[in-house]
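One line per chain: the protein sequences are C and V, in this order.
With UniProt numbering applied, the first sequence has no gaps in its numbers, which climb one by one up to 470 at the end.
With UniProt numbering applied, the second sequence has no gaps in its numbers, which climb one by one up to 460 at the end.
Source of the hints: derived by calculation from the structure; they are not laboratory data.
There could be a bad hint or two in this list.
[To be verified] Result set (DSS-like, lysine-lysine): computed pairs, CA atoms no more than 27 Å apart in a straight line:
hint	chain 1	residue 1	chain 2	residue 2
1	V	67	V	104
2	C	112	V	5
3	V	326	C	112
4	V	326	V	106
5	V	151	C	35
6	V	151	C	7
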Amino acid sequence: MKQLSTKVTSNGHGQDSSYFLGWEEYEKNPYDEIKNPNGIIQMGLAENQLCFDLIESWLAKNPDAASLKRNGQSIFRELALFQDYHGMPEFKKAMAEFMEEIRGNRVTFDPKKIVLAAGSTSANETLMFCLAEPGDAFLLPTPYYPGFDRDLKWRTGAEIVPIHCSSSNGFQITESALQQAYQQAQKLDLKVKGVLVTNPSNPLGTALTRRELNLLVDFITSKNIHLISDEIYSGTMFGFEQFISVMDVLKDKKLENTEVSKRVHVVYSLSKDLGLPGFRVGAIYSNDEMVVSAATKMSSFGLVSSQTQYLLSALLSDKKFTSQYLEENQKRLKSRQKRLVSGLESAGITCLRSNAGLFCWVDMRHLLDTNTFEAELDLWKKIVYNVKLNISPGSSCHCTEPGWFRVCFANMSEDTLDLALKRLKTFVESTDCGRMISRSSHERLKSLRKKTVSNWVFRVSWTDRVPDER
Amino acid sequence: MLSSKVINDSHGQDSSYFLGWQEYEKNPFHETFNPSGIVQMGLAENQLSFDLIESWLEEHPEVLGLKKNEESLFRNLALFQDYHGLPAFKDALAKFMGKIRGNKVKFDTNKMVLTAGSTSANETLMFCLANPGDAFLIPAPYYPGFDRDLKWRTGVEIIPIQCKSSNGFKITKDALENAYERAHKLNLNVKGVLITNPSNPLGTSTTREELDLLLTFTSTKKIHMVSDEIYSGTVFDCPEFTSLLEVAKDKNMDLDEKIHVVYSLSKDLGLPGFRVGLIYSNNEKVVSAATKMSSFGLISSQTQHLLANLLSDEIFTTNYLEENRKRLKERRDRLVSGLKEAGIGCLKSNAGLFCWVDLRHLLKYNNFEAEHSLWTKIVCEVGLNISPGSSCHCDEPGWFRVCFANMSDQTMEVAMDRVKGFVEDTNRCKQKRTMWDTRRRSLINKWVSKLSAVNCESER
Chain C
1 MKQLSTKVTS NGHGQDSSYF LGWEEYEKNP YDEIKNPNGI IQMGLAENQL
51 CFDLIESWLA KNPDAASLKR NGQSIFRELA LFQDYHGMPE FKKAMAEFME
101 EIRGNRVTFD PKKIVLAAGS TSANETLMFC LAEPGDAFLL PTPYYPGFDR
151 DLKWRTGAEI VPIHCSSSNG FQITESALQQ AYQQAQKLDL KVKGVLVTNP
201 SNPLGTALTR RELNLLVDFI TSKNIHLISD EIYSGTMFGF EQFISVMDVL
251 KDKKLENTEV SKRVHVVYSL SKDLGLPGFR VGAIYSNDEM VVSAATKMSS
301 FGLVSSQTQY LLSALLSDKK FTSQYLEENQ KRLKSRQKRL VSGLESAGIT
351 CLRSNAGLFC WVDMRHLLDT NTFEAELDLW KKIVYNVKLN ISPGSSCHCT
401 EPGWFRVCFA NMSEDTLDLA LKRLKTFVES TDCGRMISRS SHERLKSLRK
451 KTVSNWVFRV SWTDRVPDER
Chain V
1 MLSSKVINDS HGQDSSYFLG WQEYEKNPFH ETFNPSGIVQ MGLAENQLSF
51 DLIESWLEEH PEVLGLKKNE ESLFRNLALF QDYHGLPAFK DALAKFMGKI
101 RGNKVKFDTN KMVLTAGSTS ANETLMFCLA NPGDAFLIPA PYYPGFDRDL
151 KWRTGVEIIP IQCKSSNGFK ITKDALENAY ERAHKLNLNV KGVLITNPSN
201 PLGTSTTREE LDLLLTFTST KKIHMVSDEI YSGTVFDCPE FTSLLEVAKD
251 KNMDLDEKIH VVYSLSKDLG LPGFRVGLIY SNNEKVVSAA TKMSSFGLIS
301 SQTQHLLANL LSDEIFTTNY LEENRKRLKE RRDRLVSGLK EAGIGCLKSN
351 AGLFCWVDLR HLLKYNNFEA EHSLWTKIVC EVGLNISPGS SCHCDEPGWF
401 RVCFANMSDQ TMEVAMDRVK GFVEDTNRCK QKRTMWDTRR RSLINKWVSK
451 LSAVNCESER
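I would like the entire structure built from these sequences, with the hints used as guidance.
If you want it as structure tokens, here you go:
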């Protein structure tokens, strides 16, 4: 008889993927400006380190929040004992209002429909436990966050069937891709329980368009399945477009309080917008009472520390802070993204045009020896071990086309980013392809830039036929 | 549309344990605002030693302020999500756990996995040690929450090891074998035994003999042995606390890969809101898998930092453990004497935040319906939320778990008065009933004799 469960003995944790392996390499030889200037620069971690100063100055002006005091009086006991899985009411109210603010106050969030969880990792897994049986499937657009293979499947027994998105249309979700994925699941004898999207997308760094959201809502309506929208990056939208949430679309289609709305669930977290992954704050938002009720009980397995709930309810209740933070955060992310994009351009490398997130989806297809994933892995190894940059290969994100990489830009100082770009440029120039490209890169990219504005306008009013590049 | 986990009642929260809690929430006792409300005696919280922690916090304001030597640690903590846990915190926990065991056991931080509370630790261990449909044997009575924590999302089954009042609810070889056989009859693969030591709800620490018996049993059957030692720091009376790991060491089993311990700071330190638990295992594969699984319930770095500092202070921890034990003992003694005055006995306890109280003599009948009636009366009429033994899977009606560490001294007195009042009323009613019964019996006797007299005579 086997001693340990199959969850332990099989590789269902999904952590043999290069996403985690690159991380391990970095841990062995991490870059440090002074102590290890030749180390590996971490560009594979989607962290937001750009706005800590704003939170730090708030903490300095509001010491009670961290000191577990209310009006100067210690509330330590109250917090030490607070383990109610319904969560701290003030905190849920503050979260609901913060989420509304991110969406321009166009939609409302009812705190009673919020279930707190220890990070969106916990929230997503809990939703799977609530919506799917072992062996049921969720459809996910590729490329997607590598962690989903573990978070959604490992302990739940749920399956993921990819919705293949391609560079030919900027990786947007199409009706035919959705239908194909659904049919593929059926061929595999899997019951499809829903679709899960990350909006804005990880790893693409783009927000879903209204067209895509409408398509998704129509699709789940017709198939009578669920839609989970992980909006963990909603506060990182820095493009000139507004962030459109699935909640906006439900409102615009007048589907609020309908049976369909009960099948639409939103996941959120403060790990990216506020840069607080260590504090483990996530949330499920659902219009389905039974889901809220069950997920609330399940949250016992991953409650948010009351100490942290208290601190963050004070922070997020300060509307002056939140509006200033959101604006400044967007500004800094935008400027940082621009820096990465232009640095890549000067090395003859383009990315998918992004308007959100903490990373760019970078096109290195031209640097591949062959148009294969083996070549992609070779290139990746070169970049990690020789160029000393940890970036994430598209294959780890289940991208169907070799040569795309996710490169993070918000988890380091400007100087470190510049150094990384310098290393990359040197590497590219040392390759044959790079030498060819860099000569004509400036001209090519100048004309590309002229195109992008008109492409963007085109994309916003998307039809079935779109140009190759954005 | 929704999973069976949602639609079935397998969350186990329809038990009276949770229902009593709900009644209390509707009408909670408050000394000033609601003096006739229900006194909560169903919540195993430790509220007796907060002042010790509060004064430590006042002496170390930097810690809560996320500073060290005036430098802000905020950024590092905000970003720290490494599922291996904060090293300083694991070191401090290892020392603290060692101290609780009189340093007879040494803890290796490489064998530790941090989790958001022992609720998360226990579930994670089940995911690691058992497949859906496998079973774990658990001595009954046991903590009602296990029905949810160990079974709900894991698909694991619990088979109780029935313990009896005839020997103080101790675990016996027969009870173990019976449970094992019952599992087999039900076609369940037994993966291990899980105990809570000290026991919830009994309030007693598992004896050396029992631990020895358990380890012999599990090693013979080649199954896992899990010891949830969440109450280890609450042992306030002899016998001294004996950890599973101590006995394992004595049996040269201290590196055995099928021995696992669970711990938490929710009871010893009274910090259930901070969500701090851990798994301790010799099994590398378990540690590795559980570490990855802890992603689903990591401890807030803000909290890890606070407690790393608190528990690294040896002067504090030594003083805290001693004072905490003293206060728990005093409080337990008050409950026991209060109950004694009302003619109520309990299982002799030496640990925990509750007593296992014998109310069998107050049952109308020796069955669980009568226990339920008695419980309903106590919650709704007497105004005390206590936990009926049936919710803990006790197989003898009439036992109740009564908590003593989650209220003030004054509230305890109120509770004791109410118990006394209730028992006096019950006795008065009994007396009346007995009087009535006696009168009725004599009436019946007269009637019977009259009838039989009629048989013999035509008339009186």
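Here's how the hints hold up against the structure:
In summary, the hint linking residue 67 (chain V) to residue 104 (chain V) is not supported, as the alpha carbons are separated by about 35 Å, beyond the 27 Å threshold. In summary, the hint linking residue 112 (chain C) to residue 5 (chain V) is supported, as the alpha carbons are separated by about 21 Å, within the 27 Å threshold. The suggested pairing of residue 326 (chain V) with residue 112 (chain C) is violated, with an alpha-carbon distance near 42 Å, which exceeds 27 Å. Restraint check for residue 326 (chain V) and residue 106 (chain V): the C-alpha separation of about 25 Å stays at or below 27 Å, so the hint holds.
A hinted pair counts as satisfied when its Cα atoms are at most 27 Å apart, and residue 151 (chain V) with residue 35 (chain C) does not qualify at roughly 49 Å. For the proposed pair residue 151 (chain V) and residue 7 (chain C), the alpha carbon gap of about 16 Å is at most 27 Å, so the pair holds.
The earlier numbered hints that this structure contradicts are 1, 3 and 5.
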